[in-house]
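Here the protein sequences line up with chains X and H, keeping their order.
Count along the first sequence from 1, add 5, and you get the number used in this note's numbering.
Count along the second sequence from 1, add 619, and you get the number used in this note's numbering.
Because the hints were derived from the structure by calculation, they are not lab data.
This one's a predicted model, so the numbers in the text were calculated from it and none came from an experiment.
Take these hints with a grain of salt, some might be off.
[As the list claims (entries may be wrong)] Derived lysine to aspartate or glutamate pairs resembling DMTMM-like cross-links, with alpha carbons at most 25 Å apart: (1) 141/X to 706/H; (2) 713/H to 90/X; (3) 198/X to 670/H; (4) 474/X to 363/X; (5) 84/X to 706/H; (6) 471/X to 670/H; (7) 713/H to 204/X; (8) 713/H to 363/X; (9) 80/X to 703/H; (10) 80/X to 686/H; (11) 141/X to 670/H; (12) 713/H to 284/X; (13) 84/X to 693/H; (14) 84/X to 670/H; (15) 713/H to 256/X; (16) 93/X to 665/H; (17) 141/X to 695/H; (18) 21/X to 684/H; (19) 460/X to 423/X; (20) 713/H to 493/X; (21) 93/X to 670/H; (22) 662/H to 101/X; (23) 713/H to 222/X; (24) 455/X to 670/H; (25) 198/X to 629/H; (26) 644/H to 278/X; (27) 198/X to 693/H; (28) 93/X to 638/H; (29) 80/X to 706/H; (30) 80/X to 684/H; (31) 662/H to 284/X; (32) 662/H to 278/X; (33) 84/X to 695/H; (34) 21/X to 693/H; (35) 713/H to 101/X; (36) 141/X to 679/H; (37) 141/X to 627/H; (38) 84/X to 629/H; (39) 93/X to 706/H.
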Amino acid sequence: MEYDVVIGLEIHVQLKTRTKMFTAAPYAYGADPNTLIDPVVLGLPGTLPVLNHAAVEACAKLGLLLACEIAEVCKWDRKNYFYPDSPKNYQLTQNEQPLCLGGQVEIELPGTSRNIQGEHRLVKLNRIHLEEDPGKLTHTAFDTTIDFNRAGVPLAEIVTEPDLHSSEEAVAFLNALIHLIHYAGVSDCDMEKGQLRCDANVSLKPAGSKTLGTRTEMKNLNSISNVRAAIEYEIARQTELLDAGESITQETRRWSAENGTSSSLRSKEEAHDYRYFPDPDLMPVRMDRARVAELQAALPERPYDKQRRYQETLDLPFTLTSVLCPDPKLCTFFEEALELHPAPKVIANYIANDLLRELSASAAHGESALSISDCPLTPAHIAELAKLIENGVITKQIAKEVFTTMYQSGNMPAVIVEKEGLQQSDNSDEIEALCREAIAGNAKAVAQFKEGNAKALNALKGPVMKATKGQANPATLDQILRSLIQSEA
Amino acid sequence: MTDKAHLDIEYVSQLARLDLSAAEKEKLGSQLAAILEHFDALKAVDVSGVEPTAHAHAVENVWREGDRAGPVYDPEVLSSMAPESRDNQVVVPKVVE
C-alpha cells in the first residue's frame, strides 16, 4: 500500500549566552564535571531563579529571523518529572505562552545533481519556546553518573508543524535551520557538542488520507546522518507493520547509531504526566514592541535571500553561491572584498575554491578545517589579486602561484609580484622570437591549425608559456602566433 | 479527579518515586482525596469572565542584565551532599536498561 509520510521535528538549540538561563553560573562545553554549578542550578531549598535577559533577546532574534510572531507576553511553566538529570524535579519551560509563535523556514530540496539547484519550499513552524537544559547523565554498566554543568543552559526549542514528508526534507530543513541560526549568531549548532539536538515525530497515513496516523517520537538524534537514517528506518518499520495489518503504538523510541535500529524506550521514568503549572517564582515577560522592532530592523539578510541576490544581481553561478551563502562569515569576507574591487565571479571563485582548499589543507591532521576567521588572508588580499589579473599585471596561471605564496606569507599580492618579478610580459620581441621557435619545432601543429583546428594553437602556446614561466600575456601571444602562421602561408 | 475512587495512589506514589507501605497508602490516599474534594468547592465558584492569573502581583520583566558570570560552587559541595559520588559526579542507580 502507498502511504504519505508526515514528519514533525523538535529541535533543541543551546543559546550561546555566557551564563545560564536563570542564574549567573557560567557555562562552557567540556568543563570538568560539576564545576559550573551554584545553588540555583542544584535547586537547593530557598533559592530563586532570575531570568537571563540575554537569553530572551537571543531567542527573539532567532524567532524574528524564522519569521515568527513575537508574543506580547510570555510566561514560565513548571514541567514536573522525576528523573535524575533535574535536581529540582521540574524543568522551567514555556508551555502555555511561548515567546515565538508560528514562523517558517525556506528549504532547498536536493537537485538532480550536486551542481544543480533544487526546488525551494517553505516549512511551517508551530512555535519556539525557551526552556532550561537538564544535567547530563552518563550510563555505565552498573549505575548512572550525573554532571549538572549543563543544567540550566538556555535552550530554544523549535517546533515544526507536521509539514515534512521525507528524510530528505527533514535533512534539508535542518541544514537550512542551522544556516539561519548561524546568521542570527545565537548558537554554534555543533551537534557533536550537543549544542543542537533533534527529536523526530514520524507517522504514516494512507496516500491522500486527511487523517493523521499514530506517530512515534524518535529521540537521541545527534547528527544529521542519524536524523536521516532514523527517519528512514522508522518509515520502513511502520510501513511493514501497516502492510501486515498491524497498528502503530504511540511511543518514544531511541535510535542507536551503532546498530542502525531504534527500540522502544520503556523507561519507567517516561510517564507523560508532567502536570504543568505556572511557575510562581518567575514573572511574565512583556516584550517591548520598540525593542522587537529594533531587533527586526537589525536582522541579517536570510541565506536564501542572499543567494538569490548573488545569483540575480551579481550573476554568480549556483556552484559558487551554494558554497558561500550557508556561511555568513564567508559572505562577509566576499562582500568586503567586493567593496574593494567589483569582480564578483573572480573573487567568489578564489574564496569558494582556492581559499577553502587552503583552509582545509592547513588544518592539522584529524582536525576539522580552519574557519575563515582563522584565515591568514584578508578580503583586501583577494581583491588586490583579482585587480592584478583584471589589469593584466599577472596571468591567471601566475595568480595561482601568487595565491599560494600570499597564503603562506600573508604578504599582499602586489608586493609578491613586485618582489618575485612575476609581472605579465608584454615584450612582443621576446614573445615573437619564442613563437618562431615554437612554429619551427612543431610543423604538425602548424599544419593542423591551418586545416582549421583552432585547438592546435595550444600546442604552440605551451612552450612559449613555459619559456616565459607563464608570464607571457595570453592575448599578445595568441595574436603573434596567428599572424606569424598567416604570414607563412 | 474528585471522585475518591479516581485517586490512584499507586500511580501517584510511583510518579513521586515514593515507596509507601500499605498503611501509608491508606492514610495518604484518604488525605489526598480530601484535598481533591476541596477543589470541588473551588470549582463551584463562577469564574467566567475572570482572566487566569499566574501571580498575585502584576510585576513583569524581572531579569538580570549583562549576562555576567557569578560565583560557582566547588564540585566537592555537591559530592558532600550526595549519598554516593565518583570523580565529582553524583552516582545514582542505573536509570535505563
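Decide if the proposed pair is consistent with the structure: residue 713/H and residue 204/X, CA atoms, cutoff 25 Å inclusive. 23 Å, holds
Does residue 629/H sit within 25 Å of residue 198/X, going by the straight-line distance between their CA atoms? 40 Å, violated
When you check the alpha-carbon spacing of residue 141/X and residue 706/H, does it fall within 25 Å? OK: residue 141/X and residue 706/H at ~14 Å, within 25 Å.
Quickly compare the C-alpha distance for residue 141/X and residue 695/H to 25 Å and report which way the hint goes. Holds - the C-alpha atoms of residue 695/H and residue 141/X are around 18 Å apart, at most 25 Å.
Decide if the proposed pair is consistent with the structure: residue 93/X and residue 665/H, CA atoms, cutoff 25 Å inclusive. 35 Å, violated
Residue 141/X paired with residue 627/H [C-alpha distance capped at 25 Å]: 32 Å, violated
Straight-line Cα separation of residue 141/X and residue 679/H no greater than 25 Å? Violated. Residue 141/X to residue 679/H sits at ~32 Å, over the 25 Å cutoff.
Please verify whether residue 713/H and residue 222/X have alpha carbons no more than 25 Å apart. 23 Å, holds
Next pair to validate is residue 21/X with residue 684/H; report whether the Cα-Cα distance is within 25 Å. Distance ~15 Å between residue 21/X and residue 684/H Cα, so the pair holds.
Hinted pair, alpha-carbon criterion (25 Å max): residue 662/H, residue 284/X. Please report holds or violated. Roughly 21 Å separates the two Cα atoms, so the pair holds.
Does the alpha-carbon distance linking residue 713/H and residue 256/X stay inside the 25 Å limit? 21 Å, holds
Hint check: residue 21/X vs residue 693/H, CA-CA at most 25 Å. Holds or violated? 24 Å, holds
Going down the numbered hints, you'll see the structure goes against 3, 5, 6, 8, 9, 11, 12, 13, 16, 19, 20, 21, 24, 25, 29, 33, 35, 36, 37, while the others check out.
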